[in-house]
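Number of protein chains: 2
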Amino acid sequence: MSAPKLLLVEDDSALAELLKYRFESEGYDVRVTADGEEAMMLAAEDTPDLVILDWMIEGVSGIEVCRRLRREKETAHVPIIMLTAREAEDDRVRGLETGADDYVTKPFSPRELLARVSAVLRRVRPALAGETIEVGDLKLDPVAHRVERRGRQLQIGPTEYRLIKFFMEHPRRVFSRGQLLDAVWGTGSEIEERTVDVHIRRLRKAITVDNARDPIRTVRSAGYALEPV
Amino acid sequence: MSAPKLLLVEDDSALAELLKYRFESEGYDVRVTADGEEAMMLAAEDTPDLVILDWMIEGVSGIEVCRRLRREKETAHVPIIMLTAREAEDDRVRGLETGADDYVTKPFSPRELLARVSAVLRRVRPALAGETIEVGDLKLDPVAHRVERRGRQLQIGPTEYRLIKFFMEHPRRVFSRGQLLDAVWGTGSEIEERTVDVHIRRLRKAITVDNARDPIRTVRSAGYALEPV
DNA sequence: TCGTAATATTACAAGTATGTGTCAGAAATG
DNA sequence: CATTTCTGACACATACTTGTAATATTACGA
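Chains as they are written, first to last, in the working numbering: chain A, 1 to 229; chain B, 230 to 458.
Please note: incorrect hints may appear among the correct ones.
[As the list claims (entries may be wrong)] Once the Cα atoms are required to be at most 30 Å apart in a straight line, the calculated DSBU-like pairs of lysine-lysine come out as:
| hint | chain 1 | residue 1 | chain 2 | residue 2 |
| --- | --- | --- | --- | --- |
| 1 | A | Lys139 | A | Lys20 |
| 2 | B | Lys335 | B | Lys394 |
| 3 | B | Lys234 | A | Lys139 |
| 4 | B | Lys249 | B | Lys368 |
| 5 | B | Lys368 | A | Lys73 |
| 6 | A | Lys20 | A | Lys106 |
| 7 | B | Lys234 | B | Lys368 |
| 8 | B | Lys434 | B | Lys335 |
| 9 | B | Lys394 | A | Lys73 |
| 10 | A | Lys73 | A | Lys165 |
| 11 | B | Lys394 | A | Lys139 |
| 12 | B | Lys234 | A | Lys165 |
| 13 | B | Lys249 | B | Lys302 |
| 14 | A | Lys5 | B | Lys368 |
| 15 | B | Lys394 | B | Lys249 |
| 16 | A | Lys20 | A | Lys5 |
| 17 | A | Lys106 | B | Lys335 |
| 18 | B | Lys249 | B | Lys234 |
| 19 | B | Lys368 | B | Lys335 |
FYI, nobody ran anything at the bench for these hints, they're computed from the structure.
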C-alpha cells in the first residue's frame with residue numbers, strides 16, 4: 001500500500017516538526033515547507049494526495065496558494081485543509097469558497113487533524129483510507145469489485161471473487177470445505193465438498209502472476225488457508 | 230440541474246425551520262425530521278445527496294444514526310455534516326471517526342453552514358454544484374447538459390445522460406441494476422432490471438468514438454461500473 | 001516401498017447472465 | 001396534428017460460470 005502523500009505548508013517550525021512526526025508515525029509520507037512558492041513547486045513535481053495549508057505563511061498568503069493550486073490542472077482536485085488562527089467566520093467562509101475542502105482552527109490537537117485528514121481522504125481516495133483489504137501482495141477493492149496482485153488486475157469469476165474475499169477477510173485461518181461452503185455458497189447449500197477443490201484450483205489459476213508463489217495453503221485433512229505472501 | 234437533496238435531522242424546530250427556509254431559497258430540496266428512526270426511513274426511501282445531522286437528537290443519538298447510515302449500502306457514501314453544541318475535541322474526533330465528513334459547532338450562522346454544505350458537495354458530487362466532471366477522456370457539463378469524449382460532442386438521450394452522469398459522479402464503483410434503477414430512474418420504479426442492460430448498450434453505443442475502448446465495465450453477477458479510460 | 005486416502009487437474013454439459021436487434025407505444029418536438 | 005425521438009420490453013444469440021464426475025497426482029503412515 002502506498003502511503004498517502006501529504007504536503008504540509010506551515011511556517012511555525014515547531015508545529016511543523018510535531019505534525020510531521022505524528023503523521024509519519026501514522027504511515028503518511030510527509031513533505032514540509034514554510035514557503036508558498038516552494039509549496040507550489042513541491043506540489044508540481046510530485047502531486048500530493050492532500051495539502052495542509054496554513055492560512056498565514058510568509059510570502060504568498062495561504063489563500064493565494066490555495067487559489068493557485070486550484071488553477072493548476074495537476075493539483076486542481078487535491079483536497080486542501082486550511083489551518084487558521086482566526087475565529088472570524090468571514091475567513092472560514094472565504095477559505096471554503098476559495099476551494100479549501102476543510103479548515104481547522106488553531107489551536108488544535110494533532111489527533112483532531114489526523115481525524116480530519118483521514119475523513120477527507122476517505123472521501124476522495126477510498127483506497128488510501130483503508131477501504132481496501134490487503135493481504136500480502138494481494139489487494140481487493142470491494143467497492144470496485146476488483147482484485148489485483150502486484151499491481152496487476154486479476155481476471156476473476158463471481159464465485160472465486162467471493163472466495164478470495166472471504167479468505168482475505170480472515171487471512172491465515174484454515175477453513176474446512178464445509179465452512180467454506182457455508183461462508184461462500186451460503187448456509188445449507190447442497191453442494192459436494194469436492195467442488196470446493198475445483199474452485200480453489202480456479203482461484204489459484206486466477207491469482208497466478210509472474211510465477212509468484214501460491215498463497216493458498218492446503219492443509220491436508222483440514223481445509224485451506226490464505227497465507228500472506 | 231436537479232436540486233441537491235438534503236436531509237436535515239434536527240430536533241430544535243425553530244432552528245430546523247430557519248435552516249430549511251434558507252437552504253430552500255438557495256435552491257436545495259430539503260426534508261426535515263427530528264427523529265433518528267424517521268431519518269433512517271427517509272434516507273432509505275429516497276437517498277439524499279447530503280445529510281445534516283444534529284449530534285443530540287431524541288431517541289437514537291446522532292452518532293448512532295451516522296453509524297447506521299454508513300452501514301446501509303444505499304447510504305454508505307452519502308456525506309454527513311454533524312452539528313454539535315459541544316466544543317469537546319473528543320466528540321469531534323469521534324464524529325469524524327464514525328464516518329461524518331465534517332462538523333459544525335453551534336452556534337453557527339446559516340451562511341457558514343451553507344458554505345460547508347457547498348464545499349462538501351463540490352468535493353463529492355461536483356455536478357450538483359454545477360461544475361463539470363471529468364472521468365478519463367469523458368467530460369460532462371451539467372449546466373449545458375452536454376457530454377463529450379476526446380473533444381467530440383456525444384449524441385446522447387435523456388436516460389443515457391442521467392445514467393452516465395451518475396456513473397461519472399461515482400467512477401469505478403460497481404452498481405447493481407437495482408441501484409441504478411433507484412438512482413437513475415427514481416426510487417421504486419417498477420421497471421424490469423433487464424432494461425438496464427438495454428440502456429447500458431445504448432450508452433455504450435453513444436459514447437463510442439474513434440474505436441476507443443469501452444469504459445463501461447460489466448461485472449458479472451454484480452452490475453456495471455465506469456472505469457476511467 | 002507400497003497402499004490408501006486426500007488432493008489436484010481436466011473435461012464437459014447444463015445453467016445462468018449478458019449482448020443485441022427489433023417493435024409498439026409513449027413522450028417530446030415543431 | 002404530424003413527425004421524430006425515446007422508452008421499455010421481449011426474444012434470440014452469445015459468452016461465461018458452475019457443479020460433477022472421471023482421472024492423475026501427491027502425501028503420509030505402515
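We went through each hint and held it up to the structure:
no. : hint                : result
1   : A:Lys139 - A:Lys20  : holds (28 Å)
2   : B:Lys335 - B:Lys394 : violated (36 Å)
3   : B:Lys234 - A:Lys139 : violated (35 Å)
4   : B:Lys249 - B:Lys368 : violated (33 Å)
5   : B:Lys368 - A:Lys73  : holds (14 Å)
6   : A:Lys20 - A:Lys106  : holds (17 Å)
7   : B:Lys234 - B:Lys368 : holds (24 Å)
8   : B:Lys434 - B:Lys335 : violated (51 Å)
9   : B:Lys394 - A:Lys73  : holds (22 Å)
10  : A:Lys73 - A:Lys165  : violated (37 Å)
11  : B:Lys394 - A:Lys139 : holds (28 Å)
12  : B:Lys234 - A:Lys165 : violated (34 Å)
13  : B:Lys249 - B:Lys302 : holds (27 Å)
14  : A:Lys5 - B:Lys368   : holds (27 Å)
15  : B:Lys394 - B:Lys249 : holds (27 Å)
16  : A:Lys20 - A:Lys5    : holds (12 Å)
17  : A:Lys106 - B:Lys335 : holds (17 Å)
18  : B:Lys249 - B:Lys234 : holds (12 Å)
19  : B:Lys368 - B:Lys335 : violated (39 Å)
Checked against the numbered hints above, the structure violates hints 2, 3, 4, 8, 10, 12, 19; every other hint is satisfied.
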